[in-house]
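Residue numbers (my numbering), protein chains in the order written: chain A, 1 to 912; chain B, 913 to 1205.
Accuracy of the hints is not assured; some may be wrong.
From the structure, some residues in chain B lie toward chain A, with a derived Cβ separation under 10 angstroms [what the hints assert, rightly or not]:
{"id": "1", "residue": "M1010"}
{"id": "2", "residue": "H1018"}
{"id": "3", "residue": "K1021"}
{"id": "4", "residue": "R1061"}
{"id": "5", "residue": "L1064"}
{"id": "6", "residue": "A1124"}
{"id": "7", "residue": "Y1130"}
{"id": "8", "residue": "V1134"}
{"id": "9", "residue": "G1138"}
{"id": "10", "residue": "P1144"}
{"id": "11", "residue": "L1147"}
{"id": "12", "residue": "S1152"}
{"id": "13", "residue": "D1166"}
{"id": "14", "residue": "S1187"}
For the record, the hints were derived by calculation from the structure and aren't laboratory data.
Note that the Cβ used here is the ideal one computed from N, Cα and C, for glycine as well.
Listed below are the residues making up each chain.
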Amino acid sequence: MLELGPLAFAQPWLLMALGALPLLWWLLRLTPPAPRRIDFPALRLLTGLRPPEETPARTPPWLVALRLLIAALIILGLAQPLLNPSRPLAGSGPLVLIVDDGWAAARNWPQRRDTINGLIDQAERDGRSLVVLTTAPKGPDSQVAASDPLNPAAARRLLQGLAPQPWPVDRRAALAALEAVTLEASAPVVWLSDGLNHGESEADLRDFMARLRAIGPVRVYQDEPLRLARRLGTPQLDAGSVGVEVERASSEGEDLAVVRALAEDGRLLGRAEARFAPGEARSSVRFELPTELRNEIARLKIEAEETAAAVFLIDERWRRRPVGLVAAGPLALRPLLGEVYYLERALAPYTEVQKGSVGELLRQGVAVLTLADAGRLPAEEAEALSLWIEQGGTLLRFAGPRMAQQGDDALLPVRLRLGDRTLSGAMTWSRPAKLAPFHRGSPFAGLDLPEDVVVERQVLAEPALDLPEKTWARLEDGTPLVTAERRGEGWLVLIHTSANTDWSNLALSGLFIEMLRKIVAVSQGVANVTADEALPPLEALDGFGLLGRPPATAVALDAETIEAGRIDARHPPGIYGRDSLRRAYNLADQVGPLAGLGPSIDGQAVQSFAGRSETVLLPWLLAAALVLALLDMFIALALRGLLIPARLGRGAAVLLLGAAAGLLAGAPAEAQDGDDAFALKATTDTRLAYVRTGIPAVDEVSHAGLTGLSRVLNRRTAVEAAEPVGVRLGRDELAFFPLLYWPVTREQRALDSAAAAAVNAFLKNGGTILFDLRRPEAAAQVLGQPSTALQTLTRDIQVPALIPVSPDHVLTKAFYLMQDFPGRYAGGTLWIESAEGRVNDGVSSVMIGANDWAGAWAIDEQGRPLFPAVPGGERQREMAYRFGVNLVMYALTGNYKTDQVHVPYILERLGQ
Amino acid sequence: MLQRALRRRQRAEALAANLPPLLVEAERVAATVAQGVHGRRRVGQGETFWQFRHYEPGDQPQLIDWRQSAKSDQVFVRELEWEAAQSVWLWCDTSASMDWTSGDDHGSKRRRAELLTLALMVLLVRGGERVALLGSGQPPATGRGTVTRMALQLEHLEANDSSLPPGQVLPRFAQVVMLSDFLAPLGDIDRSVRRLAESGVRGHLIQILDPAEESLPYEGRVLFQGLEGEDPWLLSRTESVRGDYQNRLQRQFDGLDAIARSIGWTYTRHRSDTSAQAVLLTLYAALTANQAL
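Next up, chain A with everything else stripped away, as it sits in the complex (with noise of 0.2 angstroms):
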């Protein structure tokens, strides 16, 4: 290692080589430039000729100077010049690196990457190997062991793959891994540590230093105090909004963290900043946000913090408020008329609604409990019901007859007088009351009135100083209809009127509805009950705060870990249960308050992670060698007069292009191209297909064949064919083309698997294949005898059962009115699907004959046929391309010529 200032050289001894320069100066001087290169007709008279005298042609010194420059970069480069070398390492043992791979480390992740990688460069450079110690537990025993002493190579294929953990590191365990690394010699120590303590002593902290002084020189490297990591609280839910806590480890300065609720597929609900001021390790947001909406959140996260704890994730006990309806009593036996049925009715679409008694739906946990004119309640049930209501359950209750019988109740929110009050009847002379408007600070507030809701019959409030405090929603008189209380935690909502229709038809309106969903949202959510069984992981979170599959470590989660907090590789944070029951298990409820490591443990100096890097100047150094290699190469090529300025934008340009189509695509664009190109040329025009057979002297008669008919098409139809194209089976794509012609001959060979699917799939799809055995002795082969070319081919491919073309067929007035089809030869029978009318608009997918059309069609380039037609001269051939028309039109139209069958017949009816 020779060191010049900020600048060192790994490999000194390379540059030596600079002193070979001036040779190469020499060498370049007297090597002549290349000729440029011309073709000339006119050699024969330019031979012999030479010119007077020759002069050396020698290369221009600047050129010479510029590869000059050139070989010294390179030289220069091969000697490994590194640019802010970094502190030798000390001591003559192995490097003994100790990472903190927990999920505190997360946050600066990429930072210690390049921290660690400078260090295996830096080992390797020294030649020292190294034992790599990761202090957080792994493997399904959560065990803390350090490797032995790794080649550089090895060590970085090692720590290549290590990512951090989604739970904390263990330094005592790592202490007591340590403590079985025996070294000889004194090695120098690299801490890489995470920055907090992870509630640890004093006095751990000392011992695990005092272990590592023991070992050899250390060096301690951690994150600034506002990079170390940051953890969110339990999120808190509140009548209208979500809470959450965020917590640093350090309270030195001011911070900032925004928190961010996402639903479950990452739809952003709501962002909250949290500011910290100097000195706060805490800060809370709070996030107002509509039921709906509240209820979608699946996890909080810190914004642009990729850490485990960063991530709070959401389940279901942050959401559920789960109704129950307390279905006792006569009426609920009636169940179009009881109060339970408009309870359910109203309450169903919007929540989860359990039916019971009292005392069940208490044990199973609601957050709202109706009584629907209950009377009253057993001493033992109702004491059990206050409780209940203190610890944060919501009791709404309904009037009724057995209400107003009864006078004093503890569970209302209001005191009641006996007997109710009959607002409309036969001898009344009062009209039944409407609502009133609510008023502001009413829960209800902003719901819209139903001109038709009226009251006919309440119980009615004694009149009390705190009356209208607890009023929620009035009749128009001023009685008020909805009355609730806040006890303890809980409230006590009274509906002066009945839940059915007996007292007022509220039950039968919208608003009914709305306020339910109102009061509902008011209640607490419930703590989700623990299940007794246990609960596999369903995705856990990485050690970067992303969900994914969990690891093949991870087992079921039972009550008693949830219990205990554990969480490591057995139990990463993450979510576990079934699909009917998710339970969270965040990380960021289970480490414990964060403390920093301070700025000196234990009097140790700590160095943060941002210090200056040394930088490896080869790949640099060796780059603009190659760019000045380049603009070499061009300064060549313009003295040899091969560079034309107008040229040389266009060179340059497909160069580039070359080269980065090369660089990124490779060969699969090329294919791609080709497939591209094919396709395109497939469907900008309606086009006749062949299938290719490989033998020369078939593919060209097809190509000609269907270059006739095409031309045919073109002078007497509406089909605007285009030049044909032949297609190779399994490699091109056959869905573009209506119909195929297949040649057949005893030369080819059976398909392969590809070819045979795309065939198949081809038929399945609405294409139609033309087989032509092209010899009219080969059709009395279709039928019975085995080994054809054609029962060769088609073994693979489902051939449908055939029958020859009836009189009437569709392919007989496609076009032209026909009834044989001869092609080169006459008389031949045309075999199509016996089973039409079914699939593909009633066009055969397969016809087979053998009278050579393509050859009857065929024509040269001048438009003049290349076979004759045996025997029945031009005539025939024009019944040929009649044939081929009507094939033509039979693929691409269908069946709608067969509505011609009908024509004799309407006509008839028609009396004509």
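Starting from the structure of chain A, add chain B where the hints point.
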């Protein structure tokens, strides 16, 4: 491909449109100069009435002259006089050396040669003459379709190594127009054209050269490579041999002129960056000059 041939034909037609239909003088039947159509006094294909005869089975119904047939009970067929026209054989050099140009502003020599060939063909066909491409193996033909067909054939003539026409035997009194760069050794050219001239064929040589071949504009160290497999030639200072080169070229011109004169043919030089019309006019003059004989 057909499109390209058509485009080429259109350009040739546009070029030929400015000259009156070219009528090649028929030497053999000098007296019957009826629009270049030379009656054979025999039944055959033509336009002039020759005779009526009775309809026989096998005749095409279109040939029946209904007016004549209506005059009697017989059905008559109209027969026409067989008319023959002078045949002109065009030869266009397709060797690799023709497919070369020194710059972007003008096309290759072969392109120019093909253009001239087609323009000439258009003129000849318009004059009723029968034309053919020498070396294509097709007999002479006339009619507008011929030009299209010949244009296609011209397209298909593959580059061959021979810079000289094939030794095909031509009918007597045919005319030959040869378009080439005529850079082959003079002896070879002489042998090849003399063989044709000896069979009584009259001809015209049009030498098409690229401007760079005349001026040799290159400078410095240049390795010249041939297009037909010749050995390359390295010149360290090209500009110093320019005078010698041009002398050699001039000797080639003079030799060609001498050959043409000795067998009674014409010789025209044309540079591929000049107007094609000028050389067509010269050629027109050369072909019609025979009319005076």
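So which of the earlier hints does this model not fit?
-> 2, 13 and 14
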